[in-house]
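2 protein chains.
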Amino acid sequence: MKKISLLLLLATLGCKQQILIEESLSPTFGIVIHGGAGTILKENMTPTKEAAYRKVLTEAIKVGHTILQNGGSSQEAVEKTIHVMEDSTLFNAGKGAVLNSNETIELDASFMNGSNLDAGAISGVSTIKNPISAAIKVMENSPHVMLSGKGAEDFAATQNLELVKPQYFITDRRVKALKRVKAQEALRNKPISSAETSFLQHQRYGTVGCVALDLEGNLAAGTSTGGMTNKKWNRIGDAPIIGAGTYANNATCAISATGWGEFFIRSVVAHDISALMEYKGFSIKEASRIVIHEKVGGLGGDGGVVGIDAKGNVAMEMNTPGMYRAHMDAEGNLNVKIYKK
Amino acid sequence: MKKISLLLLLATLGCKQQILIEESLSPTFGIVIHGGAGTILKENMTPTKEAAYRKVLTEAIKVGHTILQNGGSSQEAVEKTIHVMEDSTLFNAGKGAVLNSNETIELDASFMNGSNLDAGAISGVSTIKNPISAAIKVMENSPHVMLSGKGAEDFAATQNLELVKPQYFITDRRVKALKRVKAQEALRNKPISSAETSFLQHQRYGTVGCVALDLEGNLAAGTSTGGMTNKKWNRIGDAPIIGAGTYANNATCAISATGWGEFFIRSVVAHDISALMEYKGFSIKEASRIVIHEKVGGLGGDGGVVGIDAKGNVAMEMNTPGMYRAHMDAEGNLNVKIYKK
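So the protein lines, in turn, are chains A and B.
Counting along the first sequence from 1, when you hit position 204 you're at 197 in this note's numbering, and nothing is skipped either side.
Counting along the second sequence from 1, when you hit position 28 you're at 21 in this note's numbering, and nothing is skipped either side.
Bear in mind the hints are in silico, worked out from the structure with no lab data behind them.
The reader is advised that the hints may include incorrect statements.
One copy or any two copies: either way a pair holds, since identical chains are not told apart in the list.
[What the hints assert, rightly or not] Taking lysine-lysine and the DSS-like style, the derived pairs with C-alpha atoms no more than 27 Å apart in a straight line are:
1. 175 <-> 288
2. 273 <-> 288
3. 42 <-> 333
4. 288 <-> 334
5. 122 <-> 158
6. 225 <-> 278
7. 334 <-> 172
8. 278 <-> 288
9. 169 <-> 334
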């Protein structure tokens, strides 16, 4: 109705303007992903490693883009896109997740549907191949939003999800990383090299996430992670916390965060970006900039977010030297990036 | 400095106005508590039971009020006030907490300091006598914000906290309530009486919480709960989620929530109230009203919040027939309430 009235109103204004109006009101779609933020520097990368990341980011986003292009839901696009990153050993989610201080893995994930504000999350699981799907099952088939540990696994076992042994997730790279972090921890307050500091900082990151807008105008957000290397005491980070690591609301935006989780919980990052859009009328870019740089940065934390709004505008904001990320719009334009600049 | 300049500026405006300005800038303090919202109806209460609730609410709030009056911190006031409610079997927190479907208890708690946005939380513990103190220890003595299950207990064991056997928390009343809920669950979709429906709804609630403003102008919020009766799969509700059940920020307010946790997580209740104050300039009362009635209520959820802002203005808002609650201001005026009206 709105579109027709506007077209009638503008019929006298000439063909070019009519097309512009039509474009801005036509359904659109889009998808944005991240594979973790951190001290990702060109000088520490090899061309082979960089190509490997670009390949998986491209493969992942194309899975979701194809779903959206064919009229599929943002929920399905987010879930299937995250599967590709969870199944890749390059990212700190699913296979290839970081190890906790007990040399085991504890995976966290959350999902939110912007059309009805329904949400699901799991924390501390080690036998569910694709944690993002378990989070979605919690949302769809349990009366709860968040399940944890053994209970989350018991629930998942009733949901036709692919289960694996914890060993499935463990990779040599993460075993070595844990040893290196523990060796540094043993040194306590002794000085360590700046290269080692950079390595240690990097062990906090690597979460994957996806946000999408589908042709129905529905937003969705999902986040999946292994948390931080050498984490202790069944620590829960921001990734499975609705409002912190993940938030989606058709009225504003869909956000997935990655970074130093403790600061992202304290800043309620994903919901704060939404609130700045809802209550101040800020764009997704401006809201993301304020929350990442002024709020999280102001507390001394770092990381990044990806976001998309109901018109397909996107944000890929970070206060770290890099963030593995990609955006693909309705026209099929693909933008894969690693470094800040 | 601000106060002195204003007084100088206004020195010529006459005594009355000067006193008004002085009052509004003088340090004040205040404290608000809740012991759960729900279908609390006068017709289901006995005078004895009502008196018992009023007695513990009064005792609890006076502990915190005395701390604040003597110049103690809002953090200490919140912690010690919540101890009284955790130690009472009347509330669903600490001793007297509800039972999960495995006939054991799993306690959750969180705390946030409004002066530096520091926060701590624990979920799913069953051996820590006062969970709110464990949440504070996570904030003070760990690099993390949120710990869960066995890990949270291992951490607590290093923190000089009083540990107890799980049996300590279990009361006859909650054992009977679990049996009654399970009996209804076994009936599945068969019709149940409205009295039983009311009973079942009530088993979702009973969380305790406290918010306080101290003479230094610092806000703090804490929440402690046993969750919901017959909960399954290591469910985590809103109480230990920073942004949902608990939030404090000197720039806006301190909030503690109680209600049907799943809806409070999806609505990011505590942070949304803060955001409405920060970004729209709403009062704490108006912000709480919108979030409880329009946001949570709009999704079909129910419960309530207590809040206090940096000037000592308070909110005690609910969309349930009642909420155990009390407020005490700097002048020592005490207001203890149970029913909505």
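Status of the hints after comparison with the structure:
Taking the shortest alpha-carbon separations for residue 175 and residue 288, neither the intra-copy value of 31 Å nor the inter-copy value of 46 Å comes in at or below 27 Å. In this homomeric assembly, residue 273 and residue 288 come within 27 Å of each other (Cα to Cα) both inside a single copy, at 16 Å, and across copies, at 18 Å. Within a single copy, residue 42 and residue 333 get their C-alpha atoms as close as 17 Å, which meets the 27 Å cut-off; across copies the closest is 62 Å, which misses it. Only within a single protomer do residue 288 and residue 334 lie at most 27 Å apart by alpha-carbon distance; the minimum there is 22 Å, versus 40 Å between protomers.
Taking the shortest Cα distances, residue 122 and residue 158 sit within 27 Å of each other inside one copy (9 Å), while across copies they are farther apart (35 Å). Proximity of residue 225 to residue 278 under the C-alpha cut-off of 27 Å is found in neither arrangement, the shortest distances being 35 Å within a copy and 40 Å between copies. With identical chains, the CA atoms of residue 334 and residue 172 are never at most 27 Å apart, being 32 Å at best within one copy and 61 Å at best between copies. Proximity of residue 278 and residue 288 under a CA criterion of 27 Å is satisfied in both settings, with 15 Å inside one chain copy and 25 Å between copies.
Proximity of residue 169 to residue 334 under the C-alpha cut-off of 27 Å is found in neither arrangement, the shortest distances being 30 Å within a copy and 63 Å between copies.
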